[in-house]
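> Just need the whole structure built from these sequences, with the hints factored in.
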Amino acid sequence: MRHSTTGTRGDHGGDRGAAASRVRVGRPRQWLRAVYRTRSSLITQIADGEVPPDGPTGCADFTGSISCPAVVVNMLHHLDPQPGERILEIGTGTGYNTPLLAERVGAFNVTSIEIDETLAERAATALHAPGPAPYLVVGEGEEGYPPGARYDRMISTAAVRQVPQAWIDQVRPGGVILTPLDSPFQCDGLALLVADGDGGANGAFVGAVDFMKTRGQREPRSYAELGWPTWAEHRVTVEEGRQRIRAES
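Residue 3 is where the sequence shown starts when you use our numbering, and the numbers rise one by one after that.
Derived from the structure by calculation, the hints contain no laboratory data. Given the structure is predicted, the values throughout are model-derived calculations rather than measurements. Glycine residues also receive a C-beta, built at the ideal position from the N, C-alpha and C atoms. Take these hints with a grain of salt, some might be off.
Claimed, not checked - Quick list of the computed label-pair ranges, beta carbon to beta carbon:
hint: 1; residue 1: 108; residue 2: 245; range: 48 to 54 Å
hint: 2; residue 1: 199; residue 2: 219; range: 21 to 27 Å
hint: 3; residue 1: 135; residue 2: 82; range: 19 to 25 Å
hint: 4; residue 1: 168; residue 2: 239; range: 38 to 44 Å
hint: 5; residue 1: 86; residue 2: 239; range: 49 to 55 Å
hint: 6; residue 1: 102; residue 2: 185; range: 23 to 29 Å
What the hints assert, rightly or not - Quick list of in silico lysine to any residue cross-link-like pairs, SDA-like style, CA-CA up to 20 Å:
hint: 7; residue 1: 215; residue 2: 118
hint: 8; residue 1: 215; residue 2: 82
hint: 9; residue 1: 215; residue 2: 163
hint: 10; residue 1: 215; residue 2: 164
hint: 11; residue 1: 215; residue 2: 122
hint: 12; residue 1: 215; residue 2: 170
hint: 13; residue 1: 215; residue 2: 110
hint: 14; residue 1: 215; residue 2: 141
The following block contains the structure:
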């Protein structure tokens with residue numbers, strides 16, 4: 003099933019999904035090995051589709067991917083969807099994750115939203131099968147999908163720098179949000195949040211992942227916008243190979 007949602011471009015990487023080599027469908031055995039490698043993600047879109055699947059491969063502006071199976075399984079484990087629960091997936095992408103959710107909770111209980119119309123059409127084609135199907139929507143994922151709210155659980159397959167308020171508002175009190183959260187440490191923290199029903203959510207990081215950013219949050223906000231930090235004390239101590247950083251505001 004995974005190979006049917008991957009498309010024709012097969013850039014694959016290691017545990018963190020960094021592109022390491024390029025695999026083409028002209029070599030089917032190598033292609034299938036890459037597609038089903040447990041800890042390899044595959045690039046499915048470059049430069050928001052401006053580079054066609056059969057186009058030059060020199061551009062490193064990767065904007066779409068299919069996550070490695072190990073990451074997909076780990077995220078579904080933390081999401082812990084239960085039969086009959088209503089799920090919103092942010093970022094349909096290739097459509098690989100969507101039927102896995104549908105198999106668990108029932109197809110009619112899954113809504114998946116994708117900002118890129120071309121990707122959404124490809125996913126719909128890949129997911130086409132007799133019987134019930136998840137509801138696929140073309141739209142801005144950061145806005146969620148209000149007509150289907152409130153959801154029991156929400157999962158994002160794109161990283162954010164700030165969790166959109168719309169996500170919190172569209173999850174029922176006690177509902178779960180699982181999303182990669184951008185960090186300055188060369189990876190994203192996988193945040194598992196529980197909505198408090200009062201416009202907020204609390205939780206913890208449950209792992210480290212590496213995902214494409216949502217289109218609206220690709221560029222970091224500047225200190226000029228956020229305001230410069232004011233530290234009453236900032237001290238760095240290095241001794242015997244150890245380093246401690248202390249900052250108090």
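> State for each hint whether it applies.
Hints and how they fare:
1. 108 to 245: 48 to 54 Å: 51 Å, holds
2. 199 to 219: 21 to 27 Å: 25 Å, holds
3. 135 to 82: 19 to 25 Å: Hint holds: Cβ distance 23 Å, inside 19 to 25 Å.
4. 168 to 239: 38 to 44 Å: Holds, since residue 168 and residue 239 (Cβ atoms, about 43 Å apart) stay within the stated range.
5. 86 to 239: 49 to 55 Å: 54 Å, holds
6. 102 to 185: 23 to 29 Å: 26 Å, holds
7. 215 to 118: Between residue 215 and residue 118 the Cα gap is close to 13 Å, so the pair holds against 20 Å.
8. 215 to 82: 23 Å, violated
9. 215 to 163: Roughly 8 Å separates the two Cα atoms, so the pair holds.
10. 215 to 164: Holds. Residue 215 to residue 164 sits at ~11 Å (cutoff 20 Å).
11. 215 to 122: 17 Å, holds
12. 215 to 170: Measuring from Cα to Cα gives roughly 19 Å; hence the hint holds.
13. 215 to 110: Roughly 28 Å separates the two Cα atoms, so the pair is violated.
14. 215 to 141: 16 Å, holds
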